[in-house]
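S.K.: Assemble the dimeric complex from its two separately framed chains, guided by the hints.
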Amino acid sequence: MIQPQTHLNVADNSGARELMCIRIIGTSNRRYAHIGDVIVAVIKEVVPNMPLERSEVIKAVIVRTCKELKRDNGMIIRYDDNAAVIIDQEGNPKGTRIFGAIVRELRQFHFTKIVSLAPE
Amino acid sequence: MQASTSLFSCPLPYKSLAAPQLPGECMPFVRPIKLSWSSSLQRPVKFSSVTGLSRDLSMFSSMAFNPNVSEDTDDMYDELFEKYGKVVLRRGDKKPHSAEVDDDAESLAFAVALAKVASDVKAADIRVLFVKPLVYWTRFFIIATAFSRPQIDAIGSRIRDLAEKQYGKVPSGDSKPNSWTLLDFGDVVIHIFLPQQRAFYNLEEFYANATLIELPFEN
Numbered sequence: 109m110i111q112p113q114t115h116l117n118v119a120d121n122s123g124a125r126e127l128m129c130i131r132i133i134g135t136s137n138r139r140y141a142h143i144g145d146v147i148v149a150v151i152k153e154v155v156p157n158m159p160l161e162r163s164e165v166i167k168a169v170i171v172r173t174c175k176e177l178k179r180d181n182g183m184i185i186r187y188d189d190n191a192a193v194i195i196d197q198e199g200n201p202k203g204t205r206i207f208g209a210i211v212r213e214l215r216q217f218h219f220t221k222i223v224s225l226a227p228e
Numbered sequence: 010m011q012a013s014t015s016l017f018s019c020p021l022p023y024k025s026l027a028a029p030q031l032p033g034e035c036m037p038f039v040r041p042i043k044l045s046w047s048s049s050l051q052r053p054v055k056f057s058s059v060t061g062l063s064r065d066l067s068m069f070s071s072m073a074f075n076p077n078v079s080e081d082t083d084d085m086y087d088e089l090f091e092k093y094g095k096v097v098l099r100r101g102d103k104k105p106h107s108a109e110v111d112d113d114a115e116s117l118a119f120a121v122a123l124a125k126v127a128s129d130v131k132a133a134d135i136r137v138l139f140v141k142p143l144v145y146w147t148r149f150f151i152i153a154t155a156f157s158r159p160q161i162d163a164i165g166s167r168i169r170d171l172a173e174k175q176y177g178k179v180p181s182g183d184s185k186p187n188s189w190t191l192l193d194f195g196d197v198v199i200h201i202f203l204p205q206q207r208a209f210y211n212l213e214e215f216y217a218n219a220t221l222i223e224l225p226f227e228n
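Protein sequences appear in the order of chains D and U.
So the first sequence is residues 109 to 228, counted in our numbering.
So the second sequence is residues 10 to 228, counted in our numbering.
So here's chain U without its partners, still in its complex pose (with noise of 0.2 Å):
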């Protein structure tokens, strides 16, 4: 049969397929993995440090360290270039300068509305910092102090209720009053301390490199 020819003449050296012979169809798909990688997939490379292995790299880097490397990796290198595209030079997710501009300014509007709400419970020394570019996982700090533990649990309700309200999100953090309440609401977190908390983890000069921003009210 045409199909079954065609199989059998394929130029990777394994023979047997498990894909269906289609009758009259192009050659099924067959990845371009060879058969004795499979020992050296099942014991991962173990690096010395903090490891983080995809399985694409872990297939990879123990190529690197086989010295036996044959000339069938560059065919497999320029079909694996030829399926994925070139090697990745910079991030598919990050947006265009302008938007990502844009959402901080969003997300600045939102912490410094959430400022004003800790101020007007009378919250002492609300710092805003600009931590995006310290941080992967935030953008902005909020750092306020609180006298009491009553006064804590206002400031946090308050702060989720307008979150809640105007903008939608709920955090993630404490719900009860805690002597460091954080609120985690993604992009902007939200420490609550009590000035000996406050004193005794110095939140400031950990990110001491982050920009304050200027806040439009008496503090």
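Next up, chain D with everything else stripped away, as it sits in the complex (with noise of 0.2 Å):
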């Protein structure tokens, strides 16, 4: 369940370290996003000599939330923090591999890119 202001850790190499999140895309007037949606974001906090600078605004795909996702065989995932993967206008990831767990569900939502550049 993110929602604008809320911080959101980077899994990607892209160079950027903490999100914020400013509005979620989708359908207007949209409460909260999970893992799957796609949020434009402020840059808060970065690697030093990366090209993706503080305080620039990106779009990002949440990949982990600490509200829990459910799954249709009565599964359900709960990770410890909430991160995204920061991809361009076009949907391809700015960062070269994506780090920690993924789920299956991404690959439903048409992030595959982000799928196969993630470990296992």
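Do not rely on the hints blindly, as some may be mistaken.
Said to hold, decoys possible - The list that follows gives simulated cross-link-like pairs (lysine-lysine, DSSO-like), each with its CA atoms no further than 30 Å apart: (1) D:Lys202 x U:Lys141; (2) U:Lys92 x D:Lys178; (3) U:Lys185 x D:Lys202; (4) D:Lys178 x U:Lys104; (5) D:Lys167 x U:Lys185.
FYI, nobody ran anything at the bench for these hints, they're computed from the structure.
M.R.: This is the structure in structure tokens:
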């Protein structure tokens, strides 16, 4: 359940460390974003000497949330942090590798590129 | 009445059952769950890393942390084993080895056919990787380089047409040409890159442990 002002970790090696959500892309007046939703975010913290800079406005896909993800078979997946992967206008991830666990639901949300860059 | 006395003489701790009393029938089905567990079920156990809980597992794990477990849990286990069978040692849906190899051969033929189509449109450096031992979500990767967006569009549309006509498969993924275009056929995933993107993302290095499939045509 990510909403504007939520801080998220960055799960790739694009150069950013922390993002703050400012808007959820999709239907108007959408309250919360979950895994697989695209958000507009501003970069709050960066790794030095990388192409991304602080207070740059970018788009990101949420890949981990502290709010549970429910599957139809009754399985519930809950992470310890909120994390996102930065993508560009075309939907390609800005980093080259993804860190941490990624759920297979991202493939159904048409983010197979992120799944193919993720470990295991 | 016969049925009512059998209900009240049941060995399980709780007496009131919502099941209707059937005349002359055997005991109605009772779930072997103790009422005292309901409080711990509402508070799911949180692990410090990725958590995947199934409904039954949460019951057992909360029991494992509770030191005041009585002997009834053994009975509960026995009852569950008798009802559901012994502990699952192997996946029930795993196909025998020969059937798996046949599936792989089918996907391989599909992948090689798509790679051939890509080479007809003059895509460069086509690689077919067998990633099934590395990755659970797919079997084959096809990585190709195209030199312009119209070429990516051409490769994409030809691959889609061939897959639909001959194999009846429709891909999910990018419909508009992109500097990294991905077509997802389930067990075969096709990546079409522009040259800079291919160097930038370097998928071959990431999947270096995958076996490279020999292609029967010139590359």
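S.K.: Which hints, by number, does the structure contradict?
M.R.: Per hint list: zero violations.
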